[in-house]
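Working from the sequences, and respecting the hints, build out all of it.
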Amino acid sequence: MKPQSRLARALIDRFQRDMPLEPRPFDAMARAVDSTPADVLATLGEMQETGTLSRIGAVVPPGVLGASTLAAMEVPEERLDEVADHVSTYAEVNHNYEREHALNLWFVVTAADRRGVDDVLARIERHTGLAVLDLPLERAYRIDLGFDVSWS
Amino acid sequence: MELSDVDRDLLACAANGLALVERPFAAMAHDVGLGEDETIARLRALKDSGAIKRLGLVVRHRELGYRANAMAVWDLPEDRVDAVGQRMAAFPFVTLCYRRRRAPPRWPYNLFAMIHGTDRAVVTAQIAGLVAELGLGEAPQSVLFSRRRYKQRGANYARAGHPVSRQEASWTSSTGAS
Chain X
106 MKPQSRLARA LIDRFQRDMP LEPRPFDAMA RAVDSTPADV LATLGEMQET GTLSRIGAVV
166 PPGVLGASTL AAMEVPEERL DEVADHVSTY AEVNHNYERE HALNLWFVVT AADRRGVDDV
226 LARIERHTGL AVLDLPLERA YRIDLGFDVS WS
Chain C
922 MELSDVDRDL LACAANGLAL VERPFAAMAH DVGLGEDETI ARLRALKDSG AIKRLGLVVR
982 HRELGYRANA MAVWDLPEDR VDAVGQRMAA FPFVTLCYRR RRAPPRWPYN LFAMIHGTDR
1042 AVVTAQIAGL VAELGLGEAP QSVLFSRRRY KQRGANYARA GHPVSRQEAS WTSSTGAS
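Top to bottom, those sequences are chains X and C.
Using the numbering used here, the first residue of the first sequence is number 106, and each one after it goes up by one.
Using the numbering used here, the first residue of the second sequence is number 922, and each one after it goes up by one.
I should point out that these hints are in silico values taken from the structure, not numbers from a laboratory.
Careful, some of the hints might be misleading.
SDA-like cross-link-like pairs, simulated, lysine to any residue; straight-line CA separation at most 20 Å [claimed, not checked]:
#1 C/Lys1072 - X/His232
#2 C/Lys1072 - X/Val213
#3 C/Lys1072 - X/Asp186
#4 C/Lys974 - X/Ala245
#5 C/Lys968 - X/Asp186
#6 C/Lys1072 - C/Lys968
#7 C/Lys1072 - X/Asp190
#8 C/Lys1072 - X/Val138
Here's a subset of chain C near chain X, in silico, CB distances under 10 Å, partners left out [as the list claims (entries may be wrong)]:
#9 Cys934
#10 Pro945
#11 Leu964
#12 Gly971
#13 Leu978
#14 Arg983
#15 Leu1017
#16 Leu1057
#17 Pro1061
#18 Val1064
#19 Arg1070
Remember, it's a predicted structure, so these values are computed and weren't measured experimentally.
Yeah, the Cβ is synthetic: ideal placement off N, Cα and C, and Gly gets one too.
Structure (structure tokens):
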């Protein structure tokens, strides 16, 4: 793995699921990893700056809050950056990836309700002139439970 | 699960990310118009009820060296997909597993598994292992490795006129062989 500081590794290993729910959570986290609150906050800030950390917050299962879908597009190679950048401009798009397939652009759209999702998909189709496949979730067998990193 | 408006606002703020300050729940309480203690109590209740699946660090796999990220998909009959999906979800290297609606003829697949690895050959072997263990040799299958990430951030649940988290989540674009 890309080497992270000892403190960053400890925070990733211990606090992906259950950060302390108390007024000063970073104090409690610091005690648990034998550090200081200032160092914990500084390390989390650095991790966010370098991109290792997306955020520290809640993961909400699909369907609890609003509606979402996975969308896919077949984008001509020469238009891929332009279309991908357009897709990324929507606040409702939270993940956007190029994948190795004729359907080469894949993104997740999340909005307060299904109409909001439909609206974004329709706007992307109108703007790009390309079809967007809509692949809504029907059943989750495993959702994001955090990630065991092997540091070796 | 019935959620009150204030719980929805709280969930949206928590999903968007805590401020990196000494008392982040006080900051969030201010945004949603509650006290700090009540904010914490409600978050705990939301976690106990399953409306919050986890609360903590949300990392980016690529920056940690996990660059071989595959979305493996299969087309399975309706009477088989749930049983296979549940067994697939139990494999430790499967990060996410779910059933989605097909979009035939362009997209015939209904079962999805995400695998984040450091080495493409290892991930490919893991997928072959799933096929062998779960008897999927006959099922139409495709494997889509990610090539480039254009955006990754938390979901944005904010509704017009409702509080947005104080922290404007950032995203980055990155390239890399995977």
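Task: Given hint X/His232 paired with C/Lys1072 - CA-CA distance at most 20 Å - done: holds, 19 Å
TODO: Grab the minimum C-beta distance from C/Val1064 to chain X and call the hint holds if it beats 10 Å, violated otherwise.
DONE: holds, 8 Å
Task: Cut-off 10 Å, beta-carbon criterion: hint that C/Gly971 touches chain X - done: holds, 7 Å
Open item on the list: For C/Lys1072 and X/Val138, compute the direct alpha-carbon distance and say whether it is at most 20 Å.
Closed with: Between C/Lys1072 and X/Val138 the Cα gap is close to 31 Å, so the pair fails against 20 Å, i.e. violated.
TODO: With a cut-off of 10 Å on the beta carbons, see whether C/Leu1057 makes it to chain X.
DONE: violated, 15 Å
Open item on the list: For a C-alpha distance cap of 20 Å, please report whether C/Lys968 and X/Asp186 respect it.
Closed with: violated, 39 Å
- [ ] Could you grab the alpha-carbon distance between C/Lys1072 and C/Lys968 and see if it respects the 20 Å cut-off?
- [x] Distance ~27 Å between C/Lys1072 and C/Lys968 Cα, so the pair is violated.
Task: Hint status (Cβ of C/Leu964 to nearest Cβ of chain X, threshold 10 Å) - done: holds, 6 Å
Task: Interface hint outcome for C/Pro1061 [beta carbon to chain X under 10 Å] - done: For C/Pro1061, the interface hint is violated, since the closest Cβ of chain X sits about 14 Å away, which is over 10 Å.
Open item on the list: Checking one constraint from the list: CA of C/Lys1072 to CA of X/Asp190, max 20 Å. Satisfied?
Closed with: holds, 9 Å
Open item on the list: A closest beta-carbon separation below 10 Å is what the hint needs, so does C/Cys934 meet it against chain X?
Closed with: Status holds, d = 8 Å.
Task: Status of the hint placing C/Leu1017 at chain X (closest C-beta pair under 10 Å) - done: holds, 6 Å
Against the hints set out earlier in the document, violations occur for numbers 5, 6, 8, 16, 17.
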